Amino acid sequence: MPLASEDKSIDCPIDCPIDCDVHPTVPGMMALLPYLDPHWQEQVTDRGILSLDSIAYPPNLDFTVRRDLRAKGLDLAGMQDAVFGRWGAGQAILNCIYGVQMVHNADMGVAFTRALNDWIKAQWLDRDPRLAASIVLPMQDTPACLEELDRLGSNRQFVQALVLANGEEPYGKRQYWPIWEKLEKLNLPLGIHAGSSYHNPVTTLGWTNYYIEDYAAQTFGFQAQLANLVTEGVFVKYPQLKVVLIESGVTWLPGFIWRLAKFWRGVRREVPWVDRPPGDIIRDNVRMTIQPLDAPDEANALQKAIDQIQSEDFLLYASDYPHLRFEGDDVMPPNIPDSLHRKIMIDNPRATYKRLADMQTDLVGVR
Amino acid sequence: MGKHVVAAAADLPQGSRKRIEAEGRVIAVFNVRGEYFAINDRCPHEGGSLCTGRLSALTVSKVPGSYEWTREDEFIRCPWHGWEFDLRTGRSVCDPKTMRVRLYDVHVEHGEELVAEKTLVAETFPVRVEDDYVVIEI
Ligand code: FES
Chain B
182 MPLASEDKSI
192 DCPIDCPIDC
202 DVHPTVPGMM
212 ALLPYLDPHW
222 QEQVTDRGIL
232 SLDSIAYPPN
242 LDFTVRRDLR
252 AKGLDLAGMQ
262 DAVFGRWGAG
272 QAILNCIYGV
282 QMVHNADMGV
292 AFTRALNDWI
302 KAQWLDRDPR
312 LAASIVLPMQ
322 DTPACLEELD
332 RLGSNRQFVQ
342 ALVLANGEEP
352 YGKRQYWPIW
362 EKLEKLNLPL
372 GIHAGSSYHN
382 PVTTLGWTNY
392 YIEDYAAQTF
402 GFQAQLANLV
412 TEGVFVKYPQ
422 LKVVLIESGV
432 TWLPGFIWRL
442 AKFWRGVRRE
452 VPWVDRPPGD
462 IIRDNVRMTI
472 QPLDAPDEAN
482 ALQKAIDQIQ
492 SEDFLLYASD
502 YPHLRFEGDD
512 VMPPNIPDSL
522 HRKIMIDNPR
532 ATYKRLADMQ
542 TDLVGVR
Chain H
3 MGKHVVAAAA
13 DLPQGSRKRI
23 EAEGRVIAVF
33 NVRGEYFAIN
43 DRCPHEGGSL
53 CTGRLSALTV
63 SKVPGSYEWT
73 REDEFIRCPW
83 HGWEFDLRTG
93 RSVCDPKTMR
103 VRLYDVHVEH
113 GEELVAEKTL
123 VAETFPVRVE
133 DDYVVIEI
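Protein chains in written order, with the numbering used here: chain B, 182 to 548; chain H, 3 to 140.
By construction, these hints were calculated from the structure, which means they are not laboratory data. Note that the structure is predicted; figures quoted are calculated from it, not measured. We put the beta carbon where it would ideally sit given N, CA and C, even for glycine. Treat the hints with care, since some could be wrong.
[To be verified] Okay, derived cross-link-like pairs now, DSS-like style, lysine-lysine, Cα gap no bigger than 30 Å in a straight line:
1) B:Lys354 - H:Lys64
2) H:Lys64 - B:Lys363
3) H:Lys64 - B:Lys535
4) B:Lys485 - H:Lys64
5) H:Lys20 - B:Lys418
6) H:Lys99 - B:Lys443
7) H:Lys64 - B:Lys443
8) B:Lys485 - H:Lys99
9) H:Lys64 - B:Lys366
[As the list claims (entries may be wrong)] Some chain B residues close to chain H (C-beta under 8 Å, calculated; not the full set):
10) Glu413
11) Gly414
12) Val417
13) Lys418
14) Tyr419
15) Arg446
16) Gly447
17) Val448
18) Arg449
19) Arg450
20) Pro453
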């Protein structure tokens, strides 16, 4: 972490970078068994469900897991070594991407998701106070999402709720509003991470064949969700709700805001509750993580996009561990202007995840 | 600067509109339920002729899913890209602070008064003492 060592105003853990996107790896369904009740344990063993892998993030690809990180092991120790050790983060947010969203049987999906959240808590959060996590939401069933938030939402180790960019329905739809209402009350941002339940094709054209298309098409999912959240009026109804787009790419946003704003000017009568330009709403309520950026490598290449977004509060530091986003140990991409490093690494994550501040106080207490 | 008689009141009945030229400007004049409005005809966006746009109400909403129909026909919608302008203030609905169309003072005067006044400019038709006229001040 060049910044942590060169800039003496930054002093761990209070002034260390906050890594907003770290992926714990679930070793397989066997790891979740202890967190399932006997009925679902039997279902898992009788059916021989070994894993919930999808086409997304093929587990043995070097792109999914960096070679050097794989060699160190993807368990807690391996993650700590990279994220807190080599990369110098002071705190990290775990976003567990495991195929629980793909399960069609809602009861099973809910059971697996609960087990996943309990596994995250027991195997990761409870073993390192620098870790926070997202509550994975079982979006197959809205009432179950509410129950999960009732069960875990007051636990300060959880700082966000997590859904995938491509789910059953656009997230602005009103059947989901009780969930957003609860998140706003709990002061938990909604994290939307790249990925799909694969209940719909990832492109509107239908199913595609190749992983490369699947991954590139995630952008369309993010765009559709963003447009839908804005136009359905979620941020009018729940103005304090923050949405974090995670692993979404960044540079597509200015063009998309431009397009949305332009059409809003002409046809806004259709959605009269959207009473200010979509870009203003997005600036107030939405954040993005920095990996991947989708920008050329040269220095300051991102400045233009940041100028167009018109906000320096927008980007959140993230390594995307253990995905291959960068070689070596420079998490901060060279194309991000130096002047923004502190905001992106520390101030913006703190402002977005209010609960992290409480955890920091505890950490200092421990020290 | 001055007063311009732009139409006989009888030729601009309720619900009608007229595009007129005065002092090199093109101006759209509307009669909405007996009230007159005059604005620059040229849309500040890309120049659509507002006189050919559609008059509309303003639908407002306090919460998503509610629609309140207000101020019927007090907004003009540009025929090109649909931006709406408030006939009372000239302000656009989408960007009221920076995007607006110029308003002109418009009213009806009796022919007798007009003839008595010597300040009239650029009449294109005769003013008769017994009729009413729509007058714009530029
Ligand atoms: S020219 Fe009037 S809205 Fe574009």
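Hint by hint, here is what the structure shows:
no.	hint	verdict
1	B:Lys354 - H:Lys64	holds, 18 Å
2	H:Lys64 - B:Lys363	holds, 21 Å
3	H:Lys64 - B:Lys535	holds, 29 Å
4	B:Lys485 - H:Lys64	violated, 36 Å
5	H:Lys20 - B:Lys418	violated, 42 Å
6	H:Lys99 - B:Lys443	holds, 17 Å
7	H:Lys64 - B:Lys443	holds, 23 Å
8	B:Lys485 - H:Lys99	holds, 25 Å
9	H:Lys64 - B:Lys366	holds, 20 Å
10	Glu413	holds, 6 Å
11	Gly414	holds, 3 Å
12	Val417	holds, 6 Å
13	Lys418	holds, 6 Å
14	Tyr419	violated, 10 Å
15	Arg446	holds, 4 Å
16	Gly447	holds, 3 Å
17	Val448	holds, 6 Å
18	Arg449	holds, 6 Å
19	Arg450	holds, 6 Å
20	Pro453	holds, 4 Å
The structure fails to meet hints 4, 5 and 14 from the earlier list, while all remaining hints are met.
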